[in-house]
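Assemble the complex: chain C is given as a structure, and chain H must be docked to it using the hints.
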Amino acid sequence: MRTQCNPSRFVSNSMQKVPPSGIRKFFDMASDSEDVISLGVGEPDYVTPWHIREACIHSIEHGETSYTSNYGLMELREEISRSYTKRHNVYYDPNDEILVTTGVSEALDLAIRAITNPGDEIIVVQPSYVAYVPSIIFAGGVPVTIGAKGVNDFSITAEEIEAAITNKTKAVIINYPNNPTGATMDRDELEAIADVIVEHDIMMISDDVYERLTYEGKHTCFSALEGMRDRTIMLNGFSKAYAMTGFRMAYAMAAPEIINSMMLIHQYSMLCAPITAQVGAIEALRNGEEEVSKMVREYDRRRKLIVGGLNDIGLDCFNPKGAFYAFPSIKSTGLTSDEFAERLLQEQNVVTIPGDIFGDTGAGFLRCAYAASREDIKEAIDRIGTFVDGL
Amino acid sequence: MDEQTRNILEILEEDARIVPEEIASLTGMTVEEVSQKIEYLEKAKIIRKYKTIIDWELAGENYVYAIIELKVQLERKLGYQAIAERLYKFPEVRSVRLLSGEHDISITVRGNSMKQVAFFVAEKIATLDQVQSTATHFVLKTYKENGLILDEPDQVKRLAVSP
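Order-wise, the sequence lines are chains C and H. Quick note on numbering: our numbering labels position 136 of the first sequence as 136, and the sequence is numbered without any gaps. Quick note on numbering: our numbering labels position 73 of the second sequence as 73, and the sequence is numbered without any gaps.
Quick caveat, the hints were computed from the structure, so don't treat them as lab data. There may be inaccurate statements among the hints.
[What the hints assert, rightly or not] Straight line, CA to CA, 27 Å or less: simulated DSS-like cross-link-like pairs of lysine-lysine:
(1) H:51 with C:294
(2) C:294 with C:304
(3) C:331 with C:149
(4) H:71 with H:115
(5) C:168 with C:17
(6) C:294 with H:144
(7) C:304 with H:37
(8) C:378 with H:37
(9) C:25 with H:157
(10) H:89 with H:115
(11) C:294 with H:45
(12) C:304 with C:331
(13) C:304 with H:157
(14) C:170 with C:17
(15) H:141 with H:49
(16) C:294 with H:157
(17) C:294 with H:37
(18) C:294 with H:49
(19) H:144 with H:157
(20) C:378 with H:51
(21) H:157 with C:378
[Claimed, not checked] Derived contacts from chain H toward chain C, CB cut-off under 7 Å, selection only:
(22) 26
(23) 158
(24) 162
[Stated by the list, open to error] Residues from chain C that keep clear of chain H, each with C-beta distances beyond 12 Å, as calculated:
(25) 60
(26) 61
(27) 75
(28) 137
(29) 143
(30) 149
(31) 163
(32) 166
(33) 186
(34) 268
(35) 331
The beta carbon of each residue, even a glycine, is placed where N, CA and C say it ideally should be.
Excised from the complex, chain C in its bound form:
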């Protein structure tokens, strides 16, 4: 008689180190509820602008259904290069310094795998996007988390980063404007961090996917700082600025040696990003500016509406200057983030995400995505107010 198979015995050790995303629980709870208002969605509530969709349809009609270069369409890489030169005065060669990927998530995974040897430490500034730590573990690296704190509006200092650096440190990951806090960093703060990066001869992975959604001040591109171009892996994408989440279109930019290593993994796993989505991305870069400006203006209005509304009902919320998230403190209620979010969903049918899912310093906070209609934001604030009053 054959022995019975126990599939879990075959799962790798690194997989077992990674717990499931805390967001999943709320996904399941929200799916079971009706009349739900969601501030839990990290994606624009706009449909991709019509001219971008139309370009994709046209491309399919004309039979463009093939593979592309592993690096992505040259036309797209040239547009990406032009766009960065124009906006940040930093040049990347479309031939070997830009890789088109399926989402920033893939770009992040490739970046970490391309530079990580077993045991290498990578510093993650939290609260941060939930994929950073697991991606490091999958690559055999060791995540070292440091916490940006609410008292500093969730920015991080060069000293705090330096304190976490050891002789095993390979890189630092930052994400500004930040998901989940909406915090941004100014040029002076980033220059001080750049000095630390150079001094300790490590790399920076900068996730700039929310770059275009900056409402106050100007976004500083880390690789545009002096001496940073070849020490930085820039990650950016089309999901947030152009409302193209389902297209999974993004890119990485770095020195040729890094991009080539990333491309090798990409070549043997993904092969290339879908051609239709790449055509849409070209159209977005060429003719999408007006739509981006319109969406950013509207997000800015909603930002003011939600931050003002949360403060009015007694949830202390600092002023986020980028992305589309408000990150109010719920410490005054005496509940944990998880208790607050779970009860709010059960009792008032409003979905929010507990801040500690994104890192320890997010404990006592709540992520409220304001990429929702104004009516929904107003209704959600009313319901949150009712919930808080009833505590």
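Coordinates of chain H only, in the frame set by chain C:
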């Protein structure tokens, strides 16, 4: 145009009924600043009128619309202004536009029946001294009005929590 003015105009263009308190919470301005700005915009005639877009077909009113293209004879010194003024005074005429190309002027006319619109064009418009010829196009269906899509399908539903 400054950012605050653009903000107010875009918000009002989307929703004319919105109150200054709400505009203030969307823009970060005070209610008083918003009210003053709107008053200025009204006085300067940048804001011309607050109107409502109504789907009359859905409301059960069977209005008939026609677009009429006109070729006109110009009067010395008066140009197109004189004929435009004659045309826009008719209450049946909903819009008057000067065009480039084959025709000179386009008007939109609303009536209660095709017969009424046809008689109006034949008796009131075609008989004007300056009008040389008319071409009438009856509107069969309106899909979009003043930037608003009238028969838009339901928006695609997003997940309540995204991955």
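To see whether the hints hold, each was checked on the structure:
| no. | hint | result |
| --- | --- | --- |
| 1 | H:51 with C:294 | 23 Å, holds |
| 2 | C:294 with C:304 | 16 Å, holds |
| 3 | C:331 with C:149 | 14 Å, holds |
| 4 | H:71 with H:115 | 22 Å, holds |
| 5 | C:168 with C:17 | 20 Å, holds |
| 6 | C:294 with H:144 | 20 Å, holds |
| 7 | C:304 with H:37 | 19 Å, holds |
| 8 | C:378 with H:37 | 24 Å, holds |
| 9 | C:25 with H:157 | 20 Å, holds |
| 10 | H:89 with H:115 | 21 Å, holds |
| 11 | C:294 with H:45 | 24 Å, holds |
| 12 | C:304 with C:331 | 22 Å, holds |
| 13 | C:304 with H:157 | 25 Å, holds |
| 14 | C:170 with C:17 | 21 Å, holds |
| 15 | H:141 with H:49 | 26 Å, holds |
| 16 | C:294 with H:157 | 22 Å, holds |
| 17 | C:294 with H:37 | 21 Å, holds |
| 18 | C:294 with H:49 | 23 Å, holds |
| 19 | H:144 with H:157 | 22 Å, holds |
| 20 | C:378 with H:51 | 25 Å, holds |
| 21 | H:157 with C:378 | 20 Å, holds |
| 22 | 26 | 4 Å, holds |
| 23 | 158 | 6 Å, holds |
| 24 | 162 | 5 Å, holds |
| 25 | 60 | 19 Å, holds |
| 26 | 61 | 21 Å, holds |
| 27 | 75 | 29 Å, holds |
| 28 | 137 | 18 Å, holds |
| 29 | 143 | 20 Å, holds |
| 30 | 149 | 25 Å, holds |
| 31 | 163 | 33 Å, holds |
| 32 | 166 | 33 Å, holds |
| 33 | 186 | 20 Å, holds |
| 34 | 268 | 25 Å, holds |
| 35 | 331 | 23 Å, holds |
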